[in-house]
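Please build the complex by placing chain B on the supplied structure of chain A, with the hints as guidance.
Chain by chain, the residues:
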Amino acid sequence: MTDFIVPKLSYVQLSPILIVLGGALIGVLIEAFLSRKVRPIAQLTITLGSLILALIQLWHIRHESSLTAAMGSVAIDGATILMQGSILLIAILAVALIADNEHFTVLAAAVPGSPEERDSLQSGEKLTEVFPLTLFAVAGMLLFPASNDLITLFVALEMLSLPLYLMAGLSRRRRLMSQEAALKYFLLGAFSSAFFLFGAAYLYGYSGSVSLAGIRAAVVGGSGNDVFLLMGIAFLSIGLLFKVGAVPFHAWTPDVYQGAPTPITAFMAAATKVAAFGAMLRIFYTSLANANWDWRPMMSIIAIITMLFGSVVAIAQRDVKRMLAYSSIAHAGFLLTGVIALNKSGLDASIFYLFAYGVATVGAFGVVTLVRDSSGEVTDLNKWAGLAKRSPFAATLFAGFLLAFAGIPLTSGFIGKFSIFSAAYESGNKSLVIVGVLSSAIAAYFYIRVIVLMFFKDAADDGTSVIIPSILTRSTLIITSVITILLGVYPAPLLNFINSLASFVR
Amino acid sequence: MNMLTSLMLLPLIGALLISALPTTKSLLAKQMTLGTTLLVAIGVIVMAIRFDTSKTDLQFVETHSWIPTFGINYSVGVDGIALVLIILSALLAPIVVLAGWNESSGGRWSAKTFYILVLVLETMIIGVFSANDLFLFYVFFEAMLIPVYFLIGGYGTGQRNAAAVKFLIYSLLGGLLMLASIIALYVLSGEQSGHTFNINTLSQLQMSSTTQNLLFLGFFIAFAIKAPLWPLHTWLPDAAQSATPGTSVLLLGILDKVGTFGMIRYCLTLFPEASKTFTPLILVLAVISIIYGAFLAIGQKDLKRLIAFTSISHFGFITMGIFAMTSQGHSGATLYMFNHGFSTAALFIVGGWMMSRRGSSKISDFGGLQRVTPVMAWSFFIAGMSSLALPGLSSFVSEFLVLVGTYTRYPVAAIIGTFGIVLAALYILIPVQRALHGPTMPGNEALSDLNLREKIAIAPVIAIIIALGFYPSPLLNIINPASTHTITQAGFTDPLAQIDPKAGK
Chain A
0 MTDFIVPKLS
10 YVQLSPILIV
20 LGGALIGVLI
30 EAFLSRKVRP
40 IAQLTITLGS
50 LILALIQLWH
60 IRHESSLTAA
70 MGSVAIDGAT
80 ILMQGSILLI
90 AILAVALIAD
100 NEHFTVLAAA
110 VPGSPEERDS
120 LQSGEKLTEV
130 FPLTLFAVAG
140 MLLFPASNDL
150 ITLFVALEML
160 SLPLYLMAGL
170 SRRRRLMSQE
180 AALKYFLLGA
190 FSSAFFLFGA
200 AYLYGYSGSV
210 SLAGIRAAVV
220 GGSGNDVFLL
230 MGIAFLSIGL
240 LFKVGAVPFH
250 AWTPDVYQGA
260 PTPITAFMAA
270 ATKVAAFGAM
280 LRIFYTSLAN
290 ANWDWRPMMS
300 IIAIITMLFG
310 SVVAIAQRDV
320 KRMLAYSSIA
330 HAGFLLTGVI
340 ALNKSGLDAS
350 IFYLFAYGVA
360 TVGAFGVVTL
370 VRDSSGEVTD
380 LNKWAGLAKR
390 SPFAATLFAG
400 FLLAFAGIPL
410 TSGFIGKFSI
420 FSAAYESGNK
430 SLVIVGVLSS
440 AIAAYFYIRV
450 IVLMFFKDAA
460 DDGTSVIIPS
470 ILTRSTLIIT
480 SVITILLGVY
490 PAPLLNFINS
500 LASFVR
Chain B
0 MNMLTSLMLL
10 PLIGALLISA
20 LPTTKSLLAK
30 QMTLGTTLLV
40 AIGVIVMAIR
50 FDTSKTDLQF
60 VETHSWIPTF
70 GINYSVGVDG
80 IALVLIILSA
90 LLAPIVVLAG
100 WNESSGGRWS
110 AKTFYILVLV
120 LETMIIGVFS
130 ANDLFLFYVF
140 FEAMLIPVYF
150 LIGGYGTGQR
160 NAAAVKFLIY
170 SLLGGLLMLA
180 SIIALYVLSG
190 EQSGHTFNIN
200 TLSQLQMSST
210 TQNLLFLGFF
220 IAFAIKAPLW
230 PLHTWLPDAA
240 QSATPGTSVL
250 LLGILDKVGT
260 FGMIRYCLTL
270 FPEASKTFTP
280 LILVLAVISI
290 IYGAFLAIGQ
300 KDLKRLIAFT
310 SISHFGFITM
320 GIFAMTSQGH
330 SGATLYMFNH
340 GFSTAALFIV
350 GGWMMSRRGS
360 SKISDFGGLQ
370 RVTPVMAWSF
380 FIAGMSSLAL
390 PGLSSFVSEF
400 LVLVGTYTRY
410 PVAAIIGTFG
420 IVLAALYILI
430 PVQRALHGPT
440 MPGNEALSDL
450 NLREKIAIAP
460 VIAIIIALGF
470 YPSPLLNIIN
480 PASTHTITQA
490 GFTDPLAQID
500 PKAGK
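Heads up: the protein sequence lines correspond to chains A and B, in order. Residue 347 in numbering that gives the first Met the number 0 sits at position 348 of the first sequence, with consecutive numbering throughout. Residue 279 in numbering that gives the first Met the number 0 sits at position 280 of the second sequence, with consecutive numbering throughout.
Bound conformation, chain A alone:
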């Protein structure tokens, strides 16, 4: 009889994830035991507190020599640290938006339009479940890019997805649309999880191992059944591409972005992208790197379609959240070129791009939360006409974020685009660079159109107004815009930091 080996978990490396999970559990207890009055402030404190604490802890362990934790199922290497740092920072900024309770329904379980719902809305109470849900999602996101075996990956995937499905349905206004978004996200997400598992099973069949290192060894050895490998790569990729919103697995993106409460959209759009691309980079850069002849061609085609489709379809959008959704699809395409690059500069560039894009995304959705009329947020672009007259502050910030998305120099987006395209060129994927550049030009058109609308059109008198942001929202807007400009003007420190840290344990 073999002895039971006590697993060595290396709690220090796992501590950022554990802190966030702990915060989430305390949040659940607060929901159960504290009175409704004190809940909002208690929840906010716990949420922000645990996120900041996790970030500080992450900073402390950034140079830890031991790179794997929990018996090799979690990799805490430089890349993980950077991704987790980005996720935590983005989450902190997004929580500041979420704290504005105006966006959420009070009783999520109430049927839309029912007397229950009316009563709950009139009670003046506030929904606070969203905070622990956010923390659970963040914990999943922290684990996802760190996962070093397929089982942990799947657990993390579900951990980050399930709270998000719920959160998408919490909108206070247009509840039917919000619930439809949640259901759509859930159903499609469930399918993609199934695909992911299916792919994982094939990879296990191919390599006899679920750990990324084991799969890598099998791929390098090349003795397994190639059909299993190909099937595994294909289905695993489908699961991941769904999460990043790449064409043709993007269909959920516009609906969910539009239906979810805007602060949730901000959080989801920015943080999920970091987590999902983080995991994707790890899998393709470590396990499947040696099989790149198998997946690169198809992935290049997907990247090209994603870039072009996102940019072209965004032109036709009349709703600001849908437009940002299609823009995020285009950006997923740009980021895929970083995955395909498969070199160190591609990894650095992707991490920089994810951070820069995530921050700008939170900022952009933050501005969207400010534009209101009597029935709530105004997302119809026609009503954004003349926004600069109503609020030069909001319009200027939004224009800044759009210019960053468009990749105009002196914004973070330009440095991101430059670095990711140069990595792609370096790896020999010139066609991707050309398509990327062309779709950037197409994308620039619809970003600029919104700027025209805000600055050069006269406002109709339709009751649209820009509310004065709360202190938290305001600080998010200011921090995101400062980071966006700073990373455009003087990105050297962050680039150096990424360059020195970014690597995958193999």
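Everything labelled a hint here was simulated from the structure, so no lab data went into it. Even glycine gets a Cβ: it sits at the ideal position worked out from N, Cα and C. Hints are not guaranteed to be accurate.
Unchecked claim - Taking lysine to any residue and the SDA-like style, the derived pairs with C-alpha atoms no more than 25 Å apart in a straight line are:
(1) A/K343 to A/G220
(2) B/K165 to A/R317
(3) A/K382 to B/W108
(4) B/K165 to A/G385
(5) B/K24 to A/P391
(6) B/K54 to B/T483
(7) A/K429 to B/F399
(8) B/K165 to B/T209
(9) B/K165 to A/V451
(10) B/K300 to B/T483
(11) B/K54 to B/T487
(12) A/K343 to B/W65
Said to hold, decoys possible - From the structure, some residues in chain B lie toward chain A, with a derived Cβ separation under 8 Å:
(13) L27
(14) I44
(15) P67
(16) R107
(17) Y137
(18) G153
What the hints assert, rightly or not - Derived coverage of chain A by chain B (criterion: at least 3 residues anywhere in the stretch with Cβ under 8 Å from a Cβ of chain B; other residues may be distant):
(19) 126-134
(20) 296-307
This is chain B only, laid out in the frame that chain A set:
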């Protein structure tokens, strides 16, 4: 601190100070802008005096590490060609401010914003001409578009939104193609000598001729859109028609020069072989631009569009001079850029006054201005004569140099180009005759002549046009060494005159 950096910071500081002013103090904002631009002009003149014309390499060089991860430096420095264009920009800026004193009043936003945009633009203009790092150049090249975009869209007239968007999209498309080429150069440099954007190092990269041709095209299309060369010119007439006269001066007089400057500085230096390959094609385009621009100018009914089309013709001359690959052609082209800046400025400024007084930009609405407003009419006349390159005025020297420089290598292009001069007489003399002479049109009887401010604004422009017509050598002394240097670096030698030994017998 280095002079160039200080000159770039100066307008930026001015803009910051102005942004702190309350919106109502628009007069103070104007005065501060005028003061700042005058200071910059003085600074540039001092720099020009200190410029050593005996050297061919860059002067006033300053280099700091900016983004070491990518080997990007903040590196500035000027040669004669860049210096001349910086002088042009620095001199035109205060004139534009003074001439368009009330220009900002018709805009969507306050006068304050207008002047902040102008000053930020001036910083970027100096930056784009003095950048010695390809990445830095690109940053200025693209970032420059944003203030211009807001100047056209926010303060222009008519279809200003559409014109501003068209301008921006055209420029961005060109810029992004150039970005692809820049990325390729960056990667190549990484393979051969370590990542860098230093132009000297980049010019020594080894490339296959296919690569070189493709990368050249990326750059050239961007510059040809900016310059603008037929058939990539269609944004210009719209932009010029919609922008205020002052913005048009900045746009056509200065910004478009970035295109032709870029052809010299980047296309020829980085891709000498490809430049040679594409020369016939580019010369054809240049000649078409000359003739096409001139013909369309003749047909214009709108004064602003007319000036825009004359510029397309003139840019054809400049491009022809550049790709003639002779030092004479280059010197002529650079001098042409300078002179075109001033004659276009004069046309737009005086034309702008005429239009704002009459409230119309249709040429047929004017008539008999000579009698009503003699000073304004004379100013417009001189501006027009400079545009058609009348001997004795500055443009004549440059046009002559370009044609001579081209003739020595490409006689056919030069001969066809010469027809442009004939057409120029038509497109200038017809509007001059319609607008200034003949019976006074109804509605023009009570127009006021130039006031003191306007006279002060136009006087230096006319003075420079006449002075350089008689005595261009101060500028040519600055330009010539740089032109010869560029030509030699690109691997060309000036064709020697073929003298028939039997001649004279």
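Right, here's what the structure says about each hint:
Straight-line distance between C-alpha atoms of A/K343 and A/G220 comes to about 23 Å, which keeps the hinted pair within the 25 Å bound. A hinted pair counts as satisfied when its Cα atoms are at most 25 Å apart, and B/K165 with A/R317 qualifies at roughly 21 Å. Of the pairs offered as hints, the one joining A/K382 and B/W108 holds, with about 20 Å between alpha carbons and a cut-off of 25 Å not exceeded. Of the pairs offered as hints, the one joining B/K165 and A/G385 holds, with about 20 Å between alpha carbons and a cut-off of 25 Å not exceeded.
Between B/K24 and A/P391 the CA atoms are separated by roughly 19 Å; this keeps the pair inside 25 Å, and the hint holds. Taking the CA atoms of B/K54 and B/T483, the gap is near 11 Å; set against the 25 Å cutoff, the hint holds. A C-alpha spacing of about 44 Å is found between A/K429 and B/F399, which places the hinted pair above 25 Å, so the restraint is violated. Note on B/K165 and B/T209: the hinted pairing is violated, with a Cα-Cα distance of about 32 Å set against a maximum of 25 Å.
With a C-alpha separation of about 12 Å, the suggested pair B/K165 and A/V451 falls inside the 25 Å cut-off, and the hint holds. At most 25 Å may separate the alpha-carbon atoms for a hinted pair to count; B/K300 and B/T483 exceed this at roughly 42 Å. In summary, the hint linking B/K54 to B/T487 is supported, as the alpha carbons are separated by about 14 Å, within the 25 Å threshold. Restraint check for A/K343 and B/W65: satisfied, since their Cα atoms lie roughly 21 Å apart, inside the 25 Å limit.
Nearest Cβ of chain A to the Cβ of B/L27: about 20 Å, over the 8 Å cut. The hint is violated. Hint status for B/I44: violated, given a least beta-carbon distance of 29 Å to chain A, over 8 Å. A hinted interface residue such as B/P67 counts as satisfied when its beta carbon comes closer than 8 Å to some beta carbon of chain A; here the least separation is about 6 Å, so the hint holds. Residue-level restraint check for B/R107 holds (minimum Cβ-Cβ distance to chain A is 7 Å; threshold 8 Å).
With a least beta-carbon distance of about 7 Å to chain A, the hint placing B/Y137 at the interface is held under the 8 Å criterion. With 8 Å as the threshold, the beta carbon of B/G153 comes within range of chain A, its nearest partner Cβ sitting at about 7 Å, so the hint holds. For the stretch 126-134 of chain A, the proposed coverage by chain B is not satisfied: 0 residues have a C-beta within less than 8 Å of a C-beta in that chain, short of the threshold of three. Counting residues of the stretch 296-307 of chain A whose CB falls under 8 Å from any CB of chain B gives 0; the rule of at least 3 is not met.
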